[in-house]
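Asks: Sequence:
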Amino acid sequence: MPRARVPYHGTVLEEMDLDALLARRPQLALVDELAHSNAPGSRHRKRHQDVEELLDAGIDVLTTLNIQHVESLNDVVAGITRIRVRETVPDGILDRADDIEVVDLNPDDLIQRLKDGKVYVPEGAERALRHYFSRGNLTALRELALRRTADRVDDELLGHMRANAIAGPWAAGERVLVCVSDDPRSVSHDLRTPLASVLGAASTLRDLGPALPHAARSELLATVIEESERLNRFIANLLDMTRLEAGAVAPNLSDQDVAYIVDAAPSRCGRSEKPSA
Numbered sequence: 001m002p003r004a005r006v007p008y009h010g011t012v013l014e015e016m017d018l019d020a021l022l023a024r025r026p027q028l029a030l031v032d033e034l035a036h037s038n039a040p041g042s043r044h045r046k047r048h049q050d051v052e053e054l055l056d057a058g059i060d061v062l063t064t065l066n067i068q069h070v071e072s073l074n075d076v077v078a079g080i081t082r083i084r085v086r087e088t089v090p091d092g093i094l095d096r097a098d099d100i101e102v103v104d105l106n107p108d109d110l111i112q113r114l115k116d117g118k119v120y121v122p123e124g125a126e127r128a129l130r131h132y133f134s135r136g137n138l139t140a141l142r143e144l145a146l147r148r149t150a151d152r153v154d155d156e157l158l159g160h161m162r163a164n165a166i167a168g169p170w171a172a173g174e175r176v177l178v179c180v181s182d183d184p185r186s187v188s189h190d191l192r193t194p195l196a197s198v199l200g201a202a203s204t205l206r207d208l209g210p211a212l213p214h215a216a217r218s219e220l221l222a223t224v225i226e227e228s229e230r231l232n233r234f235i236a237n238l239l240d241m242t243r244l245e246a247g248a249v250a251p252n253l254s255d256q257d258v259a260y261i262v263d264a265a266p267s268r269c270g271r272s273e274k275p276s277a
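Residues 1 to 277 in my numbering are what the sequence shown lists, from first letter to last.
If a hint is listed, it holds; no wrong ones were tucked in.
Quick list of simulated restraints, FRET-style, between CB atoms:
(1) 108 x 222: 25 to 31 Å
(2) 82 x 228: 19 to 25 Å
(3) 151 x 228: 14 to 20 Å
(4) 109 x 5: 35 to 41 Å
Derived by calculation from the structure, the hints in this document are not laboratory data.
We put the beta carbon where it would ideally sit given N, CA and C, even for glycine.
Based on the provided sequences and hints, a complete structural model is requested.
Replies: The structure is reproduced here in structure tokens:
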């Protein structure tokens, strides 16, 4: 539908026409860029406030949001990318959503789309975006998106279990992240995601540690510890995928090269073993 024209300092800016949309009262409105800041003079400062007004009026909304714009992840994103994102959306908006779908894209594919000019880049921002959209940053942001979605699944699952008196706990978050794809070959990649976060955070601490604020160093150190523990849980959950009976495999504890274990994961998942008598 036509955009509203907002006069500003001798020029005219275009924004979503909220009043026209409310008057039209569609069953569903498609609204892009939830984190967008409206032009000065608009009724609301932020687009997510427009969306809330639409929802309050009984209009369903389908919108888009990049993971780096989630308010609670702002400090984490800044620690990863070294860029502070100014446009954020309160987590309460996401909690209000009936459904969240992760639009997942391999980091290499996204970088290629940037090179091919298939992603809009504002004038003068090419160099900054080349730094921001490095493979390491994209891998970490992808992990954040998957983790945020898994946390939501955990909350919904626990609510269902409590409502129906189902015994638990059942670690939904880890299972969702391990089972990202039906292709067994993806298991190695999914395990590499927390490993990449560990290596990235450790490298940043090593190279920039003394120059970083105390809060940033603490956040990076917490990332190393948390993602290492997550990697251990991922590997433990692979036993569930083999569906072996409890006690069928005797644990053999020894020091191992984590990178080797990750590389070998797909072949191990495909190996069949007979339970002991």
